[in-house]
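Visitor: These are the residues of each chain, in order.
Number of protein chains: 2
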Amino acid sequence: MKNKAITSRDEDFAKWYTDIVRCANLAEYSNTKGCVILEPNGYAIWEKMQSVLDKIFKQTGHQNVSMPMLIPENLLKKESELVEGFAPECAWVTVGGQNILDERLAIRPTSETLFSDYYSLKVKSYRDLPKLYNQWCNVMRWEKETRPFLRTREFLWQEGHTVHATKEEAEAETLKMLNVYKDFFEKYLAIPAVCGKKTEKEKFAGADYTYTVEALMYNGVSLQSATSHYFGQKFAKAYDIKFLNKNNEWQYAYQTSWGCSTRMIGALIMVHSDDNGLVLPPNIAPRQVVIVPIGESAEVKALADKYLKILSEANISVFCDDSDRSPGFKFAEHEVNGIPVRIEIGARDLANGEITLARRDTREKMNVKVDCDIVNEVLNLMKSIQQNLYDRALKRRDELTYRTDDISQVEKIIKTKPGFIYSHWCGKQECELKMKEIGGIKSRCITDEPVSDGDKCVVCKEKAKHMVVWGIQY
Amino acid sequence: MKNKAITSRDEDFAKWYTDIVRCANLAEYSNTKGCVILEPNGYAIWEKMQSVLDKIFKQTGHQNVSMPMLIPENLLKKESELVEGFAPECAWVTVGGQNILDERLAIRPTSETLFSDYYSLKVKSYRDLPKLYNQWCNVMRWEKETRPFLRTREFLWQEGHTVHATKEEAEAETLKMLNVYKDFFEKYLAIPAVCGKKTEKEKFAGADYTYTVEALMYNGVSLQSATSHYFGQKFAKAYDIKFLNKNNEWQYAYQTSWGCSTRMIGALIMVHSDDNGLVLPPNIAPRQVVIVPIGESAEVKALADKYLKILSEANISVFCDDSDRSPGFKFAEHEVNGIPVRIEIGARDLANGEITLARRDTREKMNVKVDCDIVNEVLNLMKSIQQNLYDRALKRRDELTYRTDDISQVEKIIKTKPGFIYSHWCGKQECELKMKEIGGIKSRCITDEPVSDGDKCVVCKEKAKHMVVWGIQY
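If you read the protein sequences in the order shown, they are chains C and B. Per the numbering used here, numbering of the first sequence is gapless, rising by one per residue and ending at 458. Per the numbering used here, numbering of the second sequence is gapless, rising by one per residue and ending at 458.
Wrong hints could be hidden among the right ones.
Simulated DEER-style distance windows between Cβ atoms [claimed, not checked]: (1) D289/C - K226/B: 31 to 39 Å; (2) D38/B - D306/C: 48 to 56 Å; (3) R6/C - K62/B: 20 to 28 Å; (4) T385/C - L159/B: 56 to 64 Å; (5) G438/C - N83/B: 50 to 58 Å.
Simulated from the structure, these hints should not be mistaken for lab results. Being a predicted model, the structure only gives us computed values, none of them experimental. Glycine included, each C-beta is placed from N, C-alpha and C at the ideal position.
Make the full structure from the sequences, and use the hints.
Guide: Shown next as C-alpha cells:
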C-alpha cells in the first residue's frame, strides 16, 4: 500500500522530493525568500551528522572556533579569484542601526577571508603551525532558484580552515579530509561516493585544486556533496600570512579548506527514500527504533516499557509511541519519518510468545520470540538495513554508470537514463564546454584511472589526458 | 607569584578582564567592527555550555529547529513593541546579489517574529500544541560600545520559543525555564543567581513579563545572564496564531521565549578568575585535568600514560602536555587557561612513591601516593573546587549585598563599593528613573519578598509595593 500524500518517485521525481520534505516534516518554506526553516525532524538529522563528524574532526586534531558572519568589502576583495567567484552572489548589509555604513559588509558566503585575516595576526613562527580550525555556522549565497536542502540562500555547514608550514603537510590535510568525507558517506549515509579532482573550470574560486565527493541520486542526477580544497600560498600571499621557519627565514604559509552542508540531507532523501516516505540509514537516523504497543493490555505496556529501557541502555535511540492514535496511523507516520526499525507489540502476538519487527528499507515484517535477546536482534537488523541500503544504492549507481568515448552515445544516455558517464578528455576547456551544450552535462571529477596512448577525447578526438566522470548536476 | 602579563584585578578591573580574554586565548578582536572571533579555548567553553543545556532542554521535551537569519521588514513590524525595541539596533541587508532589494531584510536580533509566523502556519488545533522549540544560532544587534562576551554586535545564543493552548501551561513553562537557568548557574557555573521579574521598564520588548537571572561580578557590577519571557497572547494576536480548542472554538495561543548566550563566558571570567588567569569550575571546564610529566624518565612517561588512560576511561576530560617546554612555562600556561586540576609527575617525587596534584582555584599543591585511586582523588578534588568556587562567589556576593531604604546610603554604596542593593519601591517609573540618576543604578529584578504596611519607597517614601534589587549593570 502506497502513501497517498506522496507522489510516485518514478512519476515525478521533483514533486516526490518536495512531498518527502513536507510529509516527513523536514523543512518548511519561510517568508524570507529563498530560505527554509529546518523543522525538528530535519534539524535532528543535521545534529546527528554534526555529532559524528565533529567527533572525527576532533580525533584528527581539529578545534572549533567562531568567526564573524559579516565581512567588510575590502577584506573580501583581497583575493581576486575568490571575490570574482562570490561577490556577485553576496547579500550586503548597508545600514547598521540608524546609520548608512561607510563600508558595506557581506554576509559570509564562505570564510577563507576571515580565517586568513585572523591567521595573518596569529601565525608568526613555525611553532604556531599547524592551526587546524573548523566552524559550524550559517552562510549566505544569493541564489535565484532554490530547493530545500539542495540550494537555499542561507544554509548550515561546517568549514574547516587550516594553515601549515609546508606544502606536503597541507596537501596531506586536503586528502585526509576528503577521505573523512568519503568514509562518512559510505559508513554513515550508506551512499557510495565517487571522488576526484575538479577541473580548472569547476574548482573552488581561489583554490589551487579542489577534491570533491560526488554522489548519484536515484534519478541519475549528480550531487556535489562535500569538497576539500588545497590553496597553496594563494591566500597567504593575499592576506600576508608569513612566519619564521626553522631556518629563521620568513616564508608564506600553506592553506586548505573543506566543507559539507545540510545539502547532505538532500542526498539522503534522493538516494534512499521511496514512495512511502523518508528512508534513513540506522547509522545516521536520529531515532532508530520506535516501539508501538497495540491495545490496552497491561502485559503489552509492561513489555513496551521493558524494551524501551533495555534498548536505551544499549545506546540505541528508541522511543515509544503510546499516543491514542490507531496502530495503522502510527505505522504510516513512522514510515514517512523514516524510522529504521519498528517494534509492534500486540496482545494477539504475545499470546503466541511473539512480537513483530518491521524494517523500513524493505517494509518486511518478521516475528521474534518475546524472550529473545532484543538488543542483539535490533542491532543485527539495523546492521542489515545499513548494509542493504548501501548495496541498493551501489547497485543503482552501477546501473546508471556508463563508459563511452562516443559523443552520440553520451547524448543518448543523457536523454534517456542519465547517470555517471566515464569519458576521456583532452584537458581543453572548450571540449568541457561542448559537453555542457549537449544536455547540460558538467564534469563531476577527474578520476585517477590511467590513460593509454590510444585513448581519445570524447569531444575533439585528440589525445586524452584524463578519464573524467560527467553528469547532470543539481 | 603573579602572572606579569595580566593586570591586577583590584587595580584595573576592565583591563584585567581584557587581559584574561587575551591571555587565555578566549577571543580576539576581528576586522569586522564590534564582532569578535571566538578562539578554541573560548569556543570550547561555549560547546560545553551547549552540551549541558541542550541535554536539559531535550529532557524537558524541547526540540531544536533552525529559522532563517534574515527577517523581512514587514514581518518584523507586525508586533509594535518588539519593533520599537529592536528596529533601532538592526543591521539591514538592502542588496542581494547584483540587485537592490524591494524590501530590506533585518539580520535577526531575536526570532519571535519568525517563530510566530511559522506557528501561525502550523498550529491549527489543540492537538498541535504545545510546540516546544529551541534554536542555537547567531544574532545581531548594532551596539555602539562593545566588549568581548559582554556586549558584541553579533553573538551566539539559544532562544527557546514555545506555544501553548492555555495561559497556565505557558506561565509554567516560563517559570520552568527560569529554573533551568538558575540551576545551571549554580550547579555548573558555580555562580549564585538572584532571580525575579523585571520591572515594566526593564522587561523584554513585547513581553507580558520577563524573569531574569542576575549574577554579581567580582567588582560589584550586575550582569543580566539569562531571561525567560511570558508573552500571553500578544504575538499570537499580531501574527494570527489561532487554533480550534477542545470545544471546537477558535482561540489565540499563548507563548513564551527564553534565552542565554556567550555572555555567560563573561560571567565565568568576572566571578571566578584571578590575577593568574582564567579559573573554571570543573563542571563547565572543557578540559578538566592536565598531566605534566617532568623530565625524560621512562617511569614518569609510563605513569603519565597510565593516568591519561584511566582518567579518560572514567569520563574525565584529561590531556597530557609532553611538549618540549619547561615545566614552569607549562604550569603558568595551564593556570592562565584555567585547567582546574594539574597532575605533576616528576622523578624526584616518584622516588618517594608520590605525585603532586595542584588545584587551580586556590593554587594549593598536595602530594598523593602513586598507588592511590587516582580517579577518586581527582573526582574529589574537582568536587571540592566546584564547591569552593561557589562558596567563594556566594561569600563575595553576600559581602556586596546591602539592604537600605535610605537613598543617601544607596548613593554612598554605589560610589564606594557597589553591589546588589535591596530597597523598597512604590512601583512608579519616575522613582525608578530617579534611582538611575544617582550613579546609574537600574532595577535588576522584583523579589518575591513580602512587603509590610510600614515599608516605604526608597525614593518617594510613599507606600512600597515591592522589594527590588538594584545595581549597576554591564
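Visitor: Mind listing which of the numbered hints don't hold for this structure, in increasing order?
Guide: Hint 2 alone not satisfied by this model.
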